[in-house]
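Novice: So the protein sequences, as listed, match chains A, B and C. Counting from 1, position 121 in the first sequence corresponds to residue 121 in our numbering; the numbering is continuous, with no gaps. Count along the second sequence from 1, then add 160; that gives the number in our numbering. Count along the third sequence from 1, then add 752; that gives the number in our numbering.
Keep in mind that the hints were calculated from the coordinates and are not lab data. Check the hints yourself; a few may be wrong.
[Claimed, not checked] Below, in silico cross-link-like pairs of lysine to aspartate or glutamate (DMTMM-like), each with a Cα-Cα straight-line distance of 20 Å or less:
1. A:LYS5 / C:ASP1084
2. C:LYS1009 / C:ASP910
3. C:LYS1304 / C:GLU1137
4. B:LYS386 / A:GLU26
5. A:LYS142 / B:GLU175
6. C:LYS1343 / A:GLU47
7. A:LYS98 / B:GLU501
8. A:LYS36 / A:ASP14
9. B:LYS190 / B:GLU175
10. C:LYS1343 / A:GLU7
11. C:LYS1116 / C:ASP985
12. B:LYS459 / C:GLU833
13. A:LYS98 / B:ASP693
14. A:LYS142 / A:GLU158
15. A:LYS55 / C:GLU833
16. A:LYS105 / B:GLU742
17. B:LYS190 / B:GLU236
18. C:LYS1160 / C:GLU1024
19. A:LYS55 / C:ASP1253
20. B:LYS544 / B:ASP591
21. C:LYS1349 / A:ASP150
22. B:LYS736 / A:GLU106
23. A:LYS98 / B:GLU603
24. B:LYS403 / B:ASP423
25. B:LYS736 / A:GLU97
26. B:LYS736 / A:ASP150
27. A:LYS98 / B:GLU236
28. A:LYS5 / C:GLU947
29. B:LYS386 / B:ASP411
30. A:LYS36 / A:GLU26
31. C:LYS868 / C:GLU833
32. C:LYS1116 / C:ASP910
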Amino acid sequence: MSSIKIELRKEDVDKINEICDSFGNEQSELINVLHKTQEHFGYLPAEIQEAIASKLNIPVAQVYGVVTFYSFFTMTPKGRHPISICMGTACYVRGAEKVLDEFKKELSLQVGQTTPDGKFSLSSLRCVGACGLAPVVLIGEKTYGRVAPDDVQDILKEYQ
Amino acid sequence: MHLLVCGGTSCRASESALIAESLKRELEEKGLGNEVQVIMTGCFGLCEKGPVVKVMPDNAFYVQVKPEDAAVIVAEHVIKGKPVKRLLYVNPSTGEHVSGSGLMGSYRKQIRIALRNCGSINPENINEYIAREGYAAIGKCVTEYTAADVIDVIKNSGLRGRGGAGFPTGLKWEIASKNQADQKYVVCNADEGDPGAFMDRSVLEGDPHSVLEAMAICGYAIGATKGLIYIRAEYPLAIQRLKIAIGQARDYGLLGNNILGSDFSFDIDLRYGAGAFVCGEETALIHSMEGMRGEPTNKPPFPAESGFMGKPSNVNNVETFASVPVIINKGWEWFSSIGTEKSKGTKVFALAGKINNVGLIEVPMGITLREIIFEIGGGIKNGKKFKAVQTGGPSGGCLTEHHLDTPIDFDNLVAAGSMMGSGGMIVMDEDDCMVSIAKFFLEFTVEESCGKCTPCRIGNKRIYELLTYITKGNGTLADLDRLRNMCHVIKDTSLCGLGQTSPNPVLSTMDNFMDEYIAHVTEKRCPAGSCRDLMKYTIIEEKCVGCTACARGCPVNAISGERKEPHFIDQEKCIKCGACFERCKFGAVLIN
Amino acid sequence: MRGRMTMETIKLTIDNKQIEVEKGTTILGAARRMGIDIPTLCHMKLDDLNIENKPGGCRICVVEVQGRRNLSPACITKCDEGAVVRTHTPRVMNARRTVMEFILSDHPKDCLICPKSGNCELQNMAIRLGIREITGQEIAEMSTYRKDTSPSIIRDLDKCIMCRRCEMMCNEVQTVGALSAVNRGFMAVVAPAFEQNLEYSPCTYCGQCVAVCPTGALTEVDHTGDVLRAIADPSKTVVVQTAPAVRAALGEEFGMKPGSLVTGKLVSALKELGFDYVFDTDFAADLTIMEEGTELLARLGKFLNGDEDANIPILTSCCPGWVNFFEHNFPDLKDVPSTAKSPQQMFGAIAKSYFAGKINVSRKDMVVVSIMPCLAKKYESQRPEFSVDGNPDVDFSISTRELAHFIKQANIDFNNLPDADFDRPLGESTGAGVIFGNTGGVIEAAVRTAYELYTGKKLSRLDFDELRGMEGVRQATINFDGLPINIGIAHGLGNARKLLDDVRAGRSTFHAIEVMACPGGCIGGGGQPLHHGDSSILKARARAIYEEDKNKTIRVSHENPYIINLYKEFLGEPNSEKAHHLLHTHYFDKKAKIIVKQ
């Protein structure tokens, strides 16, 4: 019930307003707005959701409800080198789980987390459509195919 | 002459873009830049052997090409007309290099309708699409057909929805056409989310115009002027190509007001999914397009009555749409001559798993699993024994060797306890534990359940927990009964298709591989040797030479033994990591 | 009219019995008409208020419909011509049971100490379905969440079953938007943004989420312990006030039929509990009418003289949920509502000044307790502007439900209590004060007084039927001796929003608008005995309130002799400086704000 006050930098507010305006401030464009906003900021922290809610004139609870529904949206910043392990069926039957375990072990990280230095974040995703290369690991834009657990250390070394 | 370089996801991941660049550079250097075109196409379908380069019109098919191979391809094939033998596809059964994709086993049984242009045209150039009868179908519709005629053609063709359940497309259009409203929508469901399915992506990346054209045809048939493509944000290349295609189609007057000078106007916008499998369900998809949580609602009302923004909406998936222009062009008689009695035409499958030729295939309905796996797919990897094939993704089930000769169509798959689904086809061999496979799919469902209805929100979680319990060797026979009952109730009571089909992987593995379940609960044994908690590593005394490699590699010091004496694994300490097995050069470590 | 139109009907068979129903009827509706009680959990329908929750999510009400592959939820499946429905086949019964076991496998089993115990729809369903054990509980993970307590409401989401009733009330009915379904799958739950406490949301504490929650996930903050301690403290003089709607509902907690008026027993019970003085909030309601009515006439006078700053329409301000709502959503209009405090706060202010002086008790030694049908009153009593040097005008506000528990705890045989009278001077009230409990009641009371003060004439009739009823938005024009006064009434904050949007846009033609946050008014408040989706209970309470009004000898506020005396002895005139100081307040802008950092 107490009045909520959030602080944002002017350029961030301007950016959010610009994005919302570009979609005509339509409430039904919320997901598109969130996509664009996350594209710009890298993630969707609470203050930014408040600002979007205020601009689109929808309850912030609803915005949060949408953000937490879709796995593409995140409220924590991703690492500079986001690691995604494909857990589609083809990759799974070719041992993706063991590769994932190896990344977890090497980075002491759970899925959905980011290393304290902000360098790596770990996520699993479902089928990138590169089943011919299974198991597949994506780091940033780069794709690694036919990854074996033993390759993990070498792959990570590329980012040292 | 054209050099077609596969720009599908698998090939791009293997640097096919670099290959295209190298080819272009080589051609420029040889002064052939204007004569020979290098085109990045959509997926060829032969992902296993990627990156793939095809030389047209010779139809020479080069596989596993590296950027440095560009020089030899240009020098030998383009200039001298001699195919580069070492890069040609090798027939796995004969060991011979095969030129011409038509001769390759993996292509021979295929009929490409939805994928007709994938790998053959430059998807970013509308003229190439037009050159292959593109936009002729919409032209035919607006000049020769009434809306009712179009619906009749689609109905007569026997086309059924390729997104999963196989609802007759023409009937769907007819229902939407009969609901009167000031605004109707044509929605293309491109939220392909099945783990192990990427056919929609390939169509959109390889032949976006066919979907745009089909949506316009649908709009004409049902009386809609607006189309929306709901596409996964994780498909950036498909999005980019769609945007280019929409722009070009507008420029050519093939989208927008008064298409081809007729009274019919139609335009298309994109909406993005954001990573929720349930949004493949049409009511959930519509809520998502409206900016809300993608929760499904009870049907009826169906989208055809009340869909996007409460208006009548017709939702079809990408592959369904991609088949439509060909049906109009070639006639329903042609289309319905392909396939089985109740399932007409072709189906695209993403063939993956323990199979030699992983890739995207399009086959006539009625083909057998045996033909797909052993002829098109080139058989099981590493000469292992075929065990099962999983179709329909998390909604489907497993088919076994008993089903190898069953003609595949919508109804036969359902009768066999699986379903067509969107077309993922994962081949499994003797090393795959069927309880673990069921668990894998349930883990997916648990993660992807929207949480709206009880059986899917909690029930699937309980099934997953029980399967985990069983794979750890803790289950009992009574648990198997309980598992089955939970599965049946979840199917029977869930709100949407996700929950209504989510227990299928469990039920079908229970039906076909009950002995494996029983082994897990009664003998505490995993017959496939894949459940880690049930594995027991022992050292065969006779084979152990006492090299100590295993003991040195054991992370928990569970292995003891003197040098040059047989070693021993302390089962209490063993964490079943398998390090000893991998290190032993003498085959002395036994897993059971 | 509807009856005379030829409506399309449908014939179907349910449990081997034929029935003909109007097209569009659900299977649940048809079955209930036949006396077949299909169990439901998430579904809730308040017929007379046009409120329905039907997400079709719990799947308890599934039935077998011949020819359909899967079971169908009776609550949202419409009847088809010729349908053959079975509601209790072994397949259905097994499914219901298994689904119920799923729900319970993710629900705490601490029923013994749950605030909802004995009044819990989930518990009742478990009893009804005869659940004795949850197989596999030992390996079943439970979804757990942080517990949240706010000034009014406790959220214990471990007990949430995702029926979505609260979400529907908060968003569709109240348009408050504090709650939304969040997360996905197993962890899906209804919560405020960022799963923060309600305090950091636009929650108005109307308590309608609590009123409809079928489990112990949403409950009121319990202050009965504080009240007991105050009573036990010999240095404190404990004064209690009871709101009008309490007397029309409290009996339900003791097995009486809805609509039973228990004013006399209520007073007896409070005396038995040990309160030193038992007073009536209705007295303060009469006082509110004097202040608000005077303000209305003053503003109206200005308005009629063409004064642009007259702030017409005047909005009532008795309802703390409503006050919270406009502070959050219409801060630009915060000068439009009457500045009169709510009756609860007027009472506290008068009790701790006028009455404390009369009985020679210092402010700090007096504890004022209110019995309210409302949860927002808890928050209201804690607003800093309603205290003097940190000592609040109203110390504790407890709900009708808490009072019922308190009475039971004290082994008072409520049903057999003799009737007793309120104490004087703050216990005397008129019929006008009583009807504050119903939607339309505040404005009716105001009209009675304003009419007589404005025209100087006696009203020939006191019942303004045109102001009564359950329609969400109502309007009427009352003739003030040739001057037509346009009155708007809204109950439910979503309805209020419609009227406020008109005011904001300059479209409103009303001179006065009454708003009550809860559907039905205070009788349907968030602190009342649970209606469990039966709106006939609300109607019965409303009738009881009007009955109490009819039975009163004095029915216009300005004739209350103790009110007249209060002005004579203490306040002077309505809207006097002293009255302003004690009985009026001001409002705050509580809209979420974005502060731009440079």
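Novice: Please go over all the hints and tell whether each is borne out by the structure.
Specialist: Hint-by-hint comparison with the structure:
As the CA atoms of LYS5 (chain A) and ASP1084 (chain C) are separated by approximately 17 Å, the hinted pair is consistent with the 20 Å bound. Between the alpha carbons of LYS1009 (chain C) and ASP910 (chain C) the distance comes to roughly 33 Å, so the proposed pair goes past 20 Å and is violated. For the hint linking LYS1304 (chain C) to GLU1137 (chain C), the alpha-carbon distance of about 34 Å lies beyond 20 Å, and the restraint is violated. Proposed proximity of LYS386 (chain B) and GLU26 (chain A) is supported: the alpha carbons are some 18 Å apart, at most 20 Å.
A distance of roughly 10 Å separates the Cα atoms of LYS142 (chain A) and GLU175 (chain B); the hinted pair therefore holds under the 20 Å criterion. Among the hinted pairs, LYS1343 (chain C) with GLU47 (chain A) is consistent with the structure: their alpha-carbon atoms are about 15 Å apart, no more than 20 Å. Between the alpha carbons of LYS98 (chain A) and GLU501 (chain B) the distance comes to roughly 44 Å, so the proposed pair goes past 20 Å and is violated. A hinted pair counts as satisfied when its Cα atoms are at most 20 Å apart, and LYS36 (chain A) with ASP14 (chain A) qualifies at roughly 14 Å.
Distance hint between LYS190 (chain B) and GLU175 (chain B) is unfulfilled; the C-alpha atoms sit about 23 Å from each other, more than 20 Å. Distance check on the hinted pair: LYS1343 (chain C) and GLU7 (chain A) sit about 14 Å apart at the alpha-carbon level, within 20 Å; holds. For the hint pairing LYS1116 (chain C) with ASP985 (chain C), the CA-to-CA distance comes to about 13 Å; that is within 20 Å, so the pair holds. For the proposed pair LYS459 (chain B) and GLU833 (chain C), the alpha carbon gap of about 17 Å is at most 20 Å, so the pair holds.
Taking the CA atoms of LYS98 (chain A) and ASP693 (chain B), the gap is about 15 Å. The hint holds against a cut of 20 Å. Under the criterion of a C-alpha separation no larger than 20 Å, the hint pairing LYS142 (chain A) with GLU158 (chain A) is consistent with the structure, at around 12 Å. Using a Cα cut-off of 20 Å, the hinted pair LYS55 (chain A) and GLU833 (chain C) is violated, with the two alpha carbons roughly 48 Å apart. A hinted pair counts as satisfied when its Cα atoms are at most 20 Å apart, and LYS105 (chain A) with GLU742 (chain B) qualifies at roughly 19 Å.
Restraint check for LYS190 (chain B) and GLU236 (chain B): satisfied, since their Cα atoms lie roughly 12 Å apart, inside the 20 Å limit. At roughly 12 Å between alpha-carbon atoms, LYS1160 (chain C) and GLU1024 (chain C) fall within 20 Å of each other, so this suggested pair holds. For the hint linking LYS55 (chain A) to ASP1253 (chain C), the alpha-carbon distance of about 18 Å falls within 20 Å, and the restraint holds. Of the supplied pair hints, the one linking LYS544 (chain B) and ASP591 (chain B) holds, its CA atoms being roughly 9 Å apart against a limit of 20 Å.
Distance check on the hinted pair: LYS1349 (chain C) and ASP150 (chain A) sit about 49 Å apart at the alpha-carbon level, beyond 20 Å; violated. A C-alpha spacing of about 19 Å is found between LYS736 (chain B) and GLU106 (chain A), which places the hinted pair at or below 20 Å, so the restraint holds. With a C-alpha separation of about 16 Å, the suggested pair LYS98 (chain A) and GLU603 (chain B) falls inside the 20 Å cut-off, and the hint holds. For the suggested pair LYS403 (chain B) and ASP423 (chain B), the alpha carbons sit about 25 Å apart, so the restraint of at most 20 Å is broken.
A hinted pair counts as satisfied when its Cα atoms are at most 20 Å apart, and LYS736 (chain B) with GLU97 (chain A) qualifies at roughly 15 Å. Distance restraint check for LYS736 (chain B) and ASP150 (chain A): the Cα-Cα separation of roughly 17 Å lies within the 20 Å cut-off, and the hinted pair is therefore satisfied. In summary, the hint linking LYS98 (chain A) to GLU236 (chain B) is not supported, as the alpha carbons are separated by about 43 Å, beyond the 20 Å threshold. Only pairs whose Cα atoms come within 20 Å are accepted, and LYS5 (chain A) paired with GLU947 (chain C) is accepted, the gap being roughly 17 Å.
A distance of roughly 17 Å separates the Cα atoms of LYS386 (chain B) and ASP411 (chain B); the hinted pair therefore holds under the 20 Å criterion. For the hint linking LYS36 (chain A) to GLU26 (chain A), the alpha-carbon distance of about 14 Å falls within 20 Å, and the restraint holds. Our distance criterion of 20 Å between C-alpha atoms is broken by LYS868 (chain C) and GLU833 (chain C), whose separation comes to about 41 Å. A distance of roughly 40 Å separates the Cα atoms of LYS1116 (chain C) and ASP910 (chain C); the hinted pair therefore is violated under the 20 Å criterion.
When the structure is compared with the earlier hints, violations turn up for hints 2, 3, 7, 9, 15, 21, 24, 27, 31, 32 and for no others.
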